[in-house]
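Construct all of the structure, not just a fragment, from the sequences and the given hints.
Under the working numbering, read the sequence shown as residues 215 to 742, first letter to last.
Source of the hints: derived by calculation from the structure; they are not laboratory data.
Don't take each hint at face value.
[Unchecked claim] Below, in silico cross-link-like pairs of lysine-lysine (DSS-like), each with a Cα-Cα straight-line distance of 30 Å or less:
| no. | residue 1 | residue 2 |
| --- | --- | --- |
| 1 | Lys-670 | Lys-588 |
| 2 | Lys-670 | Lys-368 |
| 3 | Lys-612 | Lys-594 |
| 4 | Lys-670 | Lys-352 |
| 5 | Lys-368 | Lys-337 |
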Amino acid sequence: MARHARGAALVALACVGPCAVSGLAASFDAETVANFKKYFKTYKEPAARIEAVLALENMPEPEVVELLVPVLKDPDADLVRAAIRVLATCKEPLQVAELKTVLEKDKNEAVRVGVLRALSESKAEGASDAAVQLLGDKSWEVRRRALQLLSGAKAIDAAPRIAPLGADPEPAVRAQALDVLAAFKSELVVPKAVACVNDQIWQVRASAFAALRVVRHKDAVEPLVSRMQVEEGRLVPDLAEALANLTGQEHGVDPAKWKAWWEGAKNGYILPTEDAIAYFRTRRAAATGDKKADWSHPRTTVTGYHGIETTSRSILFIIDVSGSMEAEVIEKERFSDGNYPTMQRIDIVKTELMRTIDRLDANVNFNILAFATKVDPWKKDLVASNIVNKSAAKDWIKGLEAIGGNSKEDLASVGLLGAANMEMGKTNTYGALIAGLGIDPKQQAKGPVTGAVPDKNYKVGVDTIFFLSDGRPTVGEYVDPEDIRREVRALNELRKVVLHTIAIGEFQKEFMKRIAEENGGVFVDLGR
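What follows is the structure in structure tokens.
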């Protein structure tokens, strides 16, 4: 029986006594479970299979676990996600016991990861015991998901078992362990984070800086000052913020000033209290009118694009060239002083991007990706911003045009869709974003890329993306903005790429804003 039918039946029986209704509900649940066993394997359409799985949601029968655990191995990521969602509603003691048994006995990675994700979402009582036992699992993704479960369960007593994972061979696990220990405010994070201050993987260093900012300890000052002498790019402000929060000193990102201060202060140094730090920082804000110190740095220059500034040295620009980019902006006064060739969105965007490319410092590596229905990268990888590459990039940008725009409608109206290229001029937001995050287009073509076990190629070169678009998604593996947001969050969880979004034109821009907020970025609305 479908869940909406079951709900309608219960509403219709509202006049029946509580015991009778409870008995009928149990009967309906048992009937749905029985029908699932009978019919699920007969469904071939993905939508029907997902609907069948969701029919088991919020049912108390222990058999629900037994029925859905095999689904976690399915290649259909949406089906796996549905199974995890339903398993997250399995909170009855017998169901939780069954899930814990699966973690103990099932050796399949996708199954264990899926169950850990479900238990993390459900926050079921007693789940943390099973997670602790998996901290030594041979699968690094299982170890990482076990850490996430312990974090969500606020299992602070597990900190001694978590601490060794701060030196895990897998970077993602090292970073996750530091994040969890920092969330617990455990001093056990200090030696592990100090050791990771010079980690080769920038995502791990990011977690180390954040942990040492939160869990303040004198032993972290010298390693952070030393790291300031060599750190470059996007993490420099994070490193400076960690030092300022530790010491109350305001030397910004100037390595020489930090070094000179520490040389004079380190003998007998006593870390200021949190109250003293709060006072120092409030006084600075009052004096400067700003919460940030001067971010000038001898090795890290600031790149600005549409008012968004970054110290990143690994930047990807993603720009929309769908058909609607051919339209003129409505609020022309906002763009009147830009000296643009025309007031078409595409010309404004191209001009600003070329100006930004011109201003890139020599120590910045960059790439450009244009998208409509298909995704078209300028280069396969990031390139140095030398004069030759800048010239080549600007020539490539000049050659871009809005695909299948309004000027092609006359061709389309007489049936010449191929000549008009209208089908290629749609907005594939999902395809562009995951390509920016380093997902192989061939993998995308096979379907959604997040299931029980996510993509593991997370050590990407890009650490900052500027994404500019003028419309809602209209084509791609995912079109619904909520689906796109979910997928990007999942794929970027390990990558930790900062994703800035820039909107131009008339459309609902809230989803662009949310994408930026959920991925450490800034949203800018250029207007209509």
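| Holds or violated: Lys-368 with Lys-337, Cα cutoff 30 Å? | Status holds; Cα separation ~10 Å.
| said: For Lys-612 and Lys-594, compute the direct alpha-carbon distance and say whether it is at most 30 Å. | reply: holds (19 Å)
| said: For Lys-670 and Lys-368, compute the direct alpha-carbon distance and say whether it is at most 30 Å. | reply: Measuring from Cα to Cα gives roughly 26 Å; hence the hint holds.
| said: Given the hinted pair Lys-670 and Lys-352, is their Cα-Cα distance within 30 Å? | reply: holds (15 Å)
| Holds or violated: are the alpha carbons of Lys-670 and Lys-588 at most 30 Å from each other? | holds (24 Å)
Every hint, counting from the list given before, is met by this structure.
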